[in-house]
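Chemist: Taken in sequence, the protein lines are chains A and B. Mapping to my numbering: the first sequence position 90 is 90, numbers consecutive. To convert, take the position in the second sequence, counting from 1, and add 270; that gives my numbering.
Please keep in mind that the hints were generated in silico from the structure rather than gathered at the bench. Possibly wrong hints are sitting among the right ones.
Heads up, simulated DSBU-like pairs for lysine-lysine below, C-alpha to C-alpha not over 35 Å straight-line [unchecked claim]: (1) B:Lys464 to A:Lys148; (2) A:Lys194 to B:Lys425; (3) B:Lys347 to A:Lys41; (4) A:Lys179 to B:Lys347; (5) B:Lys418 to A:Lys194; (6) B:Lys425 to A:Lys148; (7) B:Lys425 to A:Lys167; (8) A:Lys179 to B:Lys427.
Examples of chain B residues lying across from chain A (beta carbon under 10 Å, computed) [to be verified]: (9) Asp337; (10) Thr370; (11) Leu412; (12) Val438; (13) Ser469; (14) Arg508.
Taking CB as the label site, the calculated pair distances span [claimed, not checked]: (15) B:Ser532 to A:Lys148: 32 to 40 Å; (16) B:Glu306 to A:Asp244: 42 to 50 Å; (17) A:Thr162 to B:Glu440: 18 to 26 Å; (18) B:Met300 to A:Lys245: 53 to 61 Å; (19) B:Tyr301 to A:Glu35: 41 to 49 Å; (20) B:Glu461 to A:Ser199: 27 to 35 Å; (21) B:Lys282 to A:Gln5: 54 to 62 Å; (22) B:Thr432 to A:Glu263: 41 to 49 Å.
From a predicted model like this one, the values you see are computed outputs, not experimental measurements. Note that beta-carbon positions come from the ideal geometry of N, C-alpha and C, so glycine has one too.
2 protein chains.
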Amino acid sequence: MNAQQKLLARLKKGNHICVGLDTDISKIPMYLHSEENPIVKFNRIVIDNTAEFAAAYKINFAFYEKDGAAGFDNLLKTLEFIPDDVLVIADAKRGDIGNTSDMYALSIFNYFNFDAVTLNPYMGHDSLLPFLNYNDKINFILALTSNKGSADFEKQKLADGTYLFQKVIESVNDWNANKNCGVVFGATNLEELKDNITSFKDLFVLLPGVGAQGGSLQEVVKAFSEKNNINFLINISRALLYLDKTTEFGKKIKLEMTRLNSEVLELLGI
Amino acid sequence: MNAQQKLLARLKKGNHICVGLDTDISKIPMYLHSEENPIVKFNRIVIDNTAEFAAAYKINFAFYEKDGAAGFDNLLKTLEFIPDDVLVIADAKRGDIGNTSDMYALSIFNYFNFDAVTLNPYMGHDSLLPFLNYNDKINFILALTSNKGSADFEKQKLADGTYLFQKVIESVNDWNANKNCGVVFGATNLEELKDNITSFKDLFVLLPGVGAQGGSLQEVVKAFSEKNNINFLINISRALLYLDKTTEFGKKIKLEMTRLNSEVLELLGI
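Pulled out of the complex, with its shape left as it was, chain A reads as follows (with noise of 0.2 Å):
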């Protein structure tokens, strides 16, 4: 199954949701700190325990490279973990020259075998050909972040009238001629989501923001379902990771994801 395959095949189930392993070694529980690997224990946990309802998982790179080599060893544990038919995306936000991106995109499709990958869209096209140029791979590049500062550039208004970031939106679905992109549009923005929703056209899109950051899953999954858009993919993080510090962790985690898959199945009438 290519990454578009995966994904679609879970979305057509009414499942939203992504698994954001933002692994966090001061905020799991204390009991798994005597294990031989307690990032990669605590991972195991979380993924057995979700992969069932999980429309993707999402491995936040900054969170491994922190231990460097250590960390991308863990990183390359975890994803044996990960069953073969949910889409992993790397969130590593990359983008830059082109001869530098071939070696980027080598590391994250080759090297670490992801199914998809965020990109920084700052440096133009160019600078993410690498990554579009793989087919049966999923593309998010950043439109519009879930963060305060994304008023600083990403909303400057342009000369022609419309903002940066829709100006991303619209060269992202020029770009997306073999099907391979998406963008990651923060949903903490919920009136600038309404307002463009019809601007994603076939792309798919990756909405962080929702539970620590602030946004409404409630909203979020309104405002797709009311276009009979499917493509959407909401990440949730810290709010699902760490509810629970005890050795009973992953049943809560299991919970609260049953819980999350079934409110998000209600929202979209299944």
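Based on these hints, arrange chain B on the given structure of chain A.
Modeler: Then chain B, alone, in the frame of chain A:
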């Protein structure tokens, strides 16, 4: 010595060449392939033959990440051979929401112990703040890059008549209270460089694009020299690293590095 002291000591001597270690296994001399670690051996020879005149080394993360954990190990081993008094820049182009950028900053400034980093401003001030909080490091923020795609977003005209990259430079000046900021400005954009050179104020300027990408070393040095601005670094990667494929490649690199440094000194009238 902190990062600023290291860099200024070299700049004051007229050393402005930054050596970019974009080491590509397919381009290094064949005879090194029989070494235990060809990449690290190659880097060591490059460093030994350039350290006298180098203003800085810039390590391009993509070329190491493509080999996963082994690549990160090569990166760490390479750092051991760089003399303590020469600035080392992590060319990583990071930038993400706050709690994620915290982790990227830990990776680059703590785990790898770099003096400086390149950052992507798309997500705004709070996405870079974890880096900016390190007073003794230097943060080079992308303004106008050397690639063709710089026209796509960086050169977009804003509603106020300025260009996005100018807005970024203005913002980075605002963020420079701790004198730990710089910008990346592609040497391929000569007209824009001349037109914006006074906007750099106290910022360090890292200029890629000379050599393989077609930028002119002479024109860049002249532009800064005319303004009595010494805070610039001209990056050279491919045009220096892959001059020769024989066992004499180190000597060739030393000759070329000496020639480049002399050329800069002459242009500066030192």
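Chemist: Below or equal to 35 Å on CA atoms is what counts here, so check Lys347 of chain B against Lys41 of chain A.
Modeler: Satisfied, since the Cα-Cα distance of roughly 29 Å is no more than 35 Å.
Chemist: Interface hint check: Leu412 of chain B, Cβ to nearest Cβ on chain A, cutoff 10 Å. Holds or violated?
Modeler: holds (6 Å)
Chemist: With the threshold set at 35 Å, check whether the alpha-carbon distance from Lys194 of chain A to Lys425 of chain B stays at or below it.
Modeler: Holds. Lys194 of chain A to Lys425 of chain B sits at ~28 Å (cutoff 35 Å).
Chemist: Does the closest beta carbon of chain A sit nearer than 10 Å to the beta carbon of Arg508 of chain B?
Modeler: OK, holds: Arg508 of chain B within 10 Å of chain A, min 8 Å.
Chemist: Given the hint that Lys425 of chain B pairs with Lys167 of chain A, does the C-alpha gap stay at or below 35 Å?
Modeler: Holds, at roughly 12 Å.
Chemist: Look at the Cβ atoms of Glu306 of chain B and Asp244 of chain A and judge whether their distance stays inside 42 to 50 Å.
Modeler: holds (47 Å)
Chemist: For the range 41 to 49 Å, tell me whether the beta carbons of Thr432 of chain B and Glu263 of chain A fit it or not.
Modeler: holds (45 Å)
Chemist: Holds or violated: is the Cβ of Asp337 of chain B closer than 10 Å to a Cβ in chain A?
Modeler: With a minimum Cβ separation of about 7 Å from chain A (threshold 10 Å), the hint on Asp337 of chain B holds.
Chemist: Okay, Ser532 of chain B versus Lys148 of chain A on CB: inside 32 to 40 Å?
Modeler: With a Cβ separation near 49 Å, Ser532 of chain B and Lys148 of chain A fall outside 32 to 40 Å, so the hint is violated.
Chemist: Given the hint of 53 to 61 Å, is the C-beta distance from Met300 of chain B to Lys245 of chain A inside that range or not?
Modeler: Roughly 55 Å apart at Cβ, these two residues keep to the hinted range, so it holds.
Chemist: CA of Lys179 of chain A to CA of Lys427 of chain B, is that 35 Å or under?
Modeler: holds (29 Å)
Chemist: Check whether the Cα positions of Lys418 of chain B and Lys194 of chain A lie no farther apart than 35 Å.
Modeler: holds (33 Å)
The structure fails hints 4, 13 and 15 (numbered hints given earlier, in ascending order).
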